[in-house]
Each structure stands twice: as C-alpha cells, then as structure tokens.
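A.B. asks: Each chain is listed here by its residues.
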Amino acid sequence: MTEIELITKYEDAAKRIRRHIIDMTYNTGKTGAHLGGSLSIVELLAGLYAGEIRYHADDPNWEGRDRVILSKGHAAMALYPAMVEAGIINEAELSTFKQDGSKLGGHPSLNGLPGIEFASGSLGQGLSLGVGVCLAMKRKGNQDSRAFVFLGDGECDEGSVWEAAASASHYGLSNLVVVVDMNGIQYDGYTTEVMDMAPFEKKWQDFGWNTISIDGHNIEQILEAFSQRGEKPIAILAHTVKGKGVSFMENNWRFHNAALSKEQYEQAVGELEADK
Amino acid sequence: MIEYNKRNIRTWSLLGPSGAHGTAVMELAETNPDVLILTADLCFFSGLERFKTAYPDKLYNVGIAEQNMIGVAAGLAKEGFIPFANTYASFCASRCADQVRVNMAYMGLPIKLIGLTAGYGAGVLGATHVSIEDISLMRALPNITVISPADCTEIIKAILAAAETSDPTYIRLTGPMNMPIVYKEDYNFAIGKAVTIQKGYDVAIIATGSMVAQAQKAAKLLEADGVKCSVINMHTIKPIDSDAILEANENHKLLVTAEEHNVIGGLYGAVAEVLCKEGVHKPVLSIGINDFFAHAGSYSYQLDISELTAESMKKKILSAIN
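The listed protein sequences derive, respectively, from chains A and B. In my numbering, each number is its position in the first sequence, counted from 1, plus 1078. In my numbering, each number is its position in the second sequence, counted from 1, plus 10.
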C-alpha cells in the first residue's frame, strides 16, 4: 500500500467507528451514552487498531500483544467498534451495547470480552495499571510489546495520574505510551475553567517523559507518533475536538453524555454520510 | 524451608508482626518465582531489610504513593505475578479504598495486601495511623479474603497460605513487638477454618488477631472465678467459619467476640450476621473499640482506655453472665 492508501484505510476505519458510535447511542434510547469523549478519540483508536497494534485476534492472551488500557473508560463506545476493525470482536455484538446482560457495558469490564485488559471507569487509575504491566513485560523479557494508556485531559486532574507518571519515569518504562485525549472539555465545562492544568506538556516533561504534541484527528501525525520509541516513556498529547464529526455536538459539553432524538440522529447520520 | 520450632517461634515473637512478615516473604522469594513485593516507603518498617539486600530486583518501592502501589500491583498481577503489597493498614483500606475495590474486588486480581500496624499498632502516631475500620471496609467488598492472624507464627502461615491461592487477600497485622505467643508449636492453618485454642463450657470467646492472646489470659482469670471459657481463633474474617460459630453457640451459655477493631462492621458484625441468618436471637457480648478515636499513646495505654485488656474482658464477661 502506498502511504496515501494507508492513510485512506485508517480514515475509512475512523468513519465506520464514528457511524457506529452514533448508532450505538441511538440504540440506547433515552439512556444515552458518552458521545463527546468517544467521538474525540476515534482517529486515535483507529490509528492503533486498524494497523499499529500488535495483536492476534485468535489468541487474545498472546504474550507479544500490545496492551491497551482505556483509562478514560467512558469512551468504551469508541473502543468496541475499534476492536471490530482489528477483528477482535464481531460487528454484530455492537448492537448489544449497554443492553442488559451485554458484555459491552458503558465502561469496559472484565467479563470475558477478548481484548479488554482491565476494567476501567474510576478515573485516574489506568496509568498505574500501565506501569505495572510494563514492569511485568520487562521482567518477562518481552521487548516487543508496549502498553498504550488512554487518558482524558479532565482525568489528569486526579493526583493518582501523577503518582503513576513519576513512577513510570523512575522505572525507565520505555515500553509505556500515554495518549491524552485533549478535547478541552470535562463534565462541568472547559478544562481551562474547571481546573487549568497548564502548562500541561511541561508537566509531563518535568515528570521525565518525552512528549509529542499532535492533531488528534490527523492520521498521518497519529501514525508518526505511535511509531516513536525511545528511552523514556512517551506522552502523546493529542489535541482533539469533543464531539468531533457532528456539527451540533462539537465543543458542546451537553453532549458529554447524552441521548439522541430521532431528528438529532438523522442529522448526525446525514452529516457523517455527506463526509464520505 | 521454614521450621516451626520453639526457638524460631520465640524469635518471630520478639521481632513482632513486621519481622514475621519479612521472614515470610523471604521464604516466598526462595520458593515461588512469581512472588514480588511492593511497599510505599516502608521497606524497613515492614521488615524487608534482609529482603532488599537478598532480592533487590523483586522489590518495588513506589515511594509515598499508596494508590499507585495498588494499581502497579494490579498490573503485575494481571501479567501473572503474585504481588504482595504493604503499607499501614489505615492506608491500605481507607486511603486506597477505591483502588482496592476496583482492582482487587471488582476485577478479582490476586493482589495480597498486607496491612501493617492494624488496630493500635501505630497508635503512638495518633488517629491518622490507627486502623479501626479496615475489617469493616474490606469485608464489605466482594471477593476479598480477610485474614487477621493471632500471633507471629500465624502471620507467617497466613502469608504463605495466601501465596497459594488466586484470591485477592487482605492480611491485617495487629499486635506489638514482642507479640504474645498463641501457638507454642506447629499446628494446622487453613484459610477460612477457625481454630479452637482451648475448650470450656460456659463462655465462648471468638477472638481475632491480637485479641486471641488477651482472650487466653482472660480465660485464665475467669477460671479462678469458676467460669470456664472456650477460646476460638477466628483468624479468617471472610469467608467466615459459620460452622464454628454455630457450634460455639450450641455448646456455650454466652458468646463473646473480641477484636482490636471498631465494634461496628468487624468480627462482631460478621458473627452476628451468621447467627441472625440462622435465626439465633440472643445477645452476643462485643468487645472491641467502642466507636471512638483514642488519643495518641502507647499500645498498652490504648488497649487500656479501649478496655481491650484481659482484665477488662474478664469484668465484662462476668457482668454479662451474672
């Protein structure tokens, strides 16, 4: 594949994931789902699952796999369709999202669904898990696998994130990659107003990490960032748009967690179709 | 290979709970390649000095960051290792309650958490460092085994036994340096199986942790008054040994629980739940910390003001049966 074909492949994957997110939310009826932070992370997960990830769909516990930890567990709705792209789960399972008895809960849980390493949802805990996993992989002499921990920017308010960040550089975890989905909005509003963590990139650097700042919707930049390796743990600060891809959801905190009316659903689908 | 002989038992008692912990994990490191140790800046306090010298690569000291310690332990456990993590009991349970809940209880990852200085073990440092609620918190979480050893020998046995199971496990260490010896020689320890230390016919004292030795002393004092006591070591609080409780109830006039823990939600609660479920409705005398924070002070001072000494136990039992 040429580079352009490759990028087109990932962009197509992102479009399918985004469409699934809208359908999955609409299927929950009045319950609704975490639209904003799922739509913002689509290209990042597409870039990982449509190609970069080391994974054998027929052997989910293969030692050489990459470990993906969705610390911002409320974006599970983006994770499941991304896992479909990698062939880890069947597309048909997506229709069970948030239904009683489904393995596809609103947050990932350890209920037998392949490809889920940990339950998440209680924010600020995923990076510690990543540190433990990376220490374990080093102990086992596994030099190929990496752990990818996805954090929200609001999640980084949690002090436990920084306990973990300090320990990752202390232990020299070159096999650890953090991706921060910097969509700029948390539950109660703009992160700069709720709890301003600036200078954010400098914080990671001061904690001993290499940082890469990218446009989190630009596949080329995402692939380039994922291909980086070094001595230090890497923090990819991905600047994204909350609710990306649907005009009335973009940068609108009301769609952090929301249900869709028939009109809203049709408009959203229309916009995604027009983008094809 | 650990030998349970008189000399070792005396040495462990002198070293106290932390020393016994250190001895047990040394044994584990020699016998089980998957065991790893984590601590939060309490390497020496938790008795790991020898371990650190012998196995520096098996020890992760995460600094004063208990929440991170539990998460890192969870990552190691998921990858197939058996992490033993330790810190003050108050920081294991209260401070890290959510990490414990998500990683150990919900995900069921086989972390073995050691709560140092449970009860009043660090009472000289004040209420921030005492732990009178850890049984209650841990017991309310699904899937977690809760163990409270009676003496240093039992601490070693409990730690070795915990390494053999895939259950998330919390082991609370009560008692001072020079901890009273309950077991003078080797015995059978099994998680979930209470041990009858002595048999009487009037009163059954169901005790846990440091209170087992106090109960033995109280039983001796009561014997002089013509009251015969059974002493039952309920070293595992969850899963609780229901059969032992019901049998004790059947064969005695009075049931007593004794714990270095709040009277709410601990051993007393666990015993009462069993009796209630079986339709046994009669008073159980609860000896424990009566829902208050003691002023900072020495271990013996705090046992004294909390009425947890053998002498207080005797008085309470006498007034309950008369």
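No lab work stands behind these hints: they were computed from the structure. A hint or two may mislead.
To be verified - Derived DSS-like pairs (lysine-lysine); straight-line CA-CA distance at most 30 Å:
1. LYS203/B - LYS230/B
2. LYS1093/A - LYS1340/A
3. LYS238/B - LYS16/B
4. LYS248/B - LYS194/B
5. LYS1218/A - LYS62/B
6. LYS292/B - LYS209/B
7. LYS1310/A - LYS62/B
8. LYS292/B - LYS326/B
9. LYS1310/A - LYS287/B
10. LYS16/B - LYS203/B
11. LYS68/B - LYS1216/A
12. LYS1108/A - LYS1340/A
13. LYS194/B - LYS230/B
14. LYS209/B - LYS287/B
15. LYS287/B - LYS248/B
16. LYS292/B - LYS238/B
17. LYS1216/A - LYS209/B
18. LYS1218/A - LYS326/B
Said to hold, decoys possible - Derived CB-CB ranges, DEER-like:
19. THR175/B - ASP1178/A: 27 to 37 Å
20. GLU174/B - GLY1179/A: 55 to 65 Å
21. ARG105/B - GLY1250/A: 21 to 31 Å
22. SER1180/A - LYS325/B: 37 to 47 Å
23. ALA1276/A - GLY136/B: 49 to 59 Å
Ideal Cβ placement from N, Cα and C applies to all residues, glycine included.
A.B. asks: Against each hint, give a clear statement of whether it holds in the structure.
C.D. replies: Status of the hints after comparison with the structure:
1. Restraint check for LYS203/B and LYS230/B: satisfied, since their Cα atoms lie roughly 24 Å apart, inside the 30 Å limit.
2. Distance restraint check for LYS1093/A and LYS1340/A: the Cα-Cα separation of roughly 21 Å lies within the 30 Å cut-off, and the hinted pair is therefore satisfied.
3. Under the criterion of a C-alpha separation no larger than 30 Å, the hint pairing LYS238/B with LYS16/B is consistent with the structure, at around 28 Å.
4. At most 30 Å may separate the alpha-carbon atoms for a hinted pair to count; LYS248/B and LYS194/B meet this at roughly 26 Å.
5. Between LYS1218/A and LYS62/B, the direct Cα distance comes to roughly 21 Å. Compliance with the 30 Å bound is thereby established for this hinted pair.
6. Between LYS292/B and LYS209/B the CA atoms are separated by roughly 21 Å; this keeps the pair inside 30 Å, and the hint holds.
7. Pair hint LYS1310/A plus LYS62/B holds up; C-alpha atoms about 26 Å apart against a cutoff of 30 Å.
8. Of the supplied pair hints, the one linking LYS292/B and LYS326/B holds, its CA atoms being roughly 17 Å apart against a limit of 30 Å.
9. Distance check on the hinted pair: LYS1310/A and LYS287/B sit about 56 Å apart at the alpha-carbon level, beyond 30 Å; violated.
10. A C-alpha spacing of about 24 Å is found between LYS16/B and LYS203/B, which places the hinted pair at or below 30 Å, so the restraint holds.
11. Restraint check: the Cα-Cα separation between LYS68/B and LYS1216/A comes to about 12 Å, which is no more than 30 Å; the hinted pair holds.
12. Distance check on the hinted pair: LYS1108/A and LYS1340/A sit about 11 Å apart at the alpha-carbon level, within 30 Å; holds.
13. As the CA atoms of LYS194/B and LYS230/B are separated by approximately 17 Å, the hinted pair is consistent with the 30 Å bound.
14. As the CA atoms of LYS209/B and LYS287/B are separated by approximately 25 Å, the hinted pair is consistent with the 30 Å bound.
15. Restraint check for LYS287/B and LYS248/B: satisfied, since their Cα atoms lie roughly 16 Å apart, inside the 30 Å limit.
16. Taken as a hint, the LYS292/B and LYS238/B pair is honoured in the structure, with Cα atoms around 20 Å apart against an allowance of 30 Å.
17. Between the alpha carbons of LYS1216/A and LYS209/B the distance comes to roughly 53 Å, so the proposed pair goes past 30 Å and is violated.
18. Distance restraint check for LYS1218/A and LYS326/B: the Cα-Cα separation of roughly 57 Å exceeds the 30 Å cut-off, and the hinted pair is therefore not satisfied.
19. The beta-carbon spacing between THR175/B and ASP1178/A, approximately 33 Å, falls within the hinted interval of 27 to 37 Å.
20. At roughly 35 Å, the beta carbons of GLU174/B and GLY1179/A sit outside the given window of 55 to 65 Å.
21. Distance hint check for ARG105/B and GLY1250/A: the Cβ-Cβ separation is about 27 Å, which falls inside the suggested range of 21 to 31 Å.
22. The given range of 37 to 47 Å is broken by SER1180/A and LYS325/B, whose C-beta atoms sit roughly 59 Å from each other.
23. Taken as a hint, the range 49 to 59 Å is violated for the pair ALA1276/A and GLY136/B, whose Cβ atoms sit roughly 38 Å apart.
Checked against the numbered hints given earlier, this structure breaks hints 9, 17, 18, 20, 22 and 23; the rest are met.
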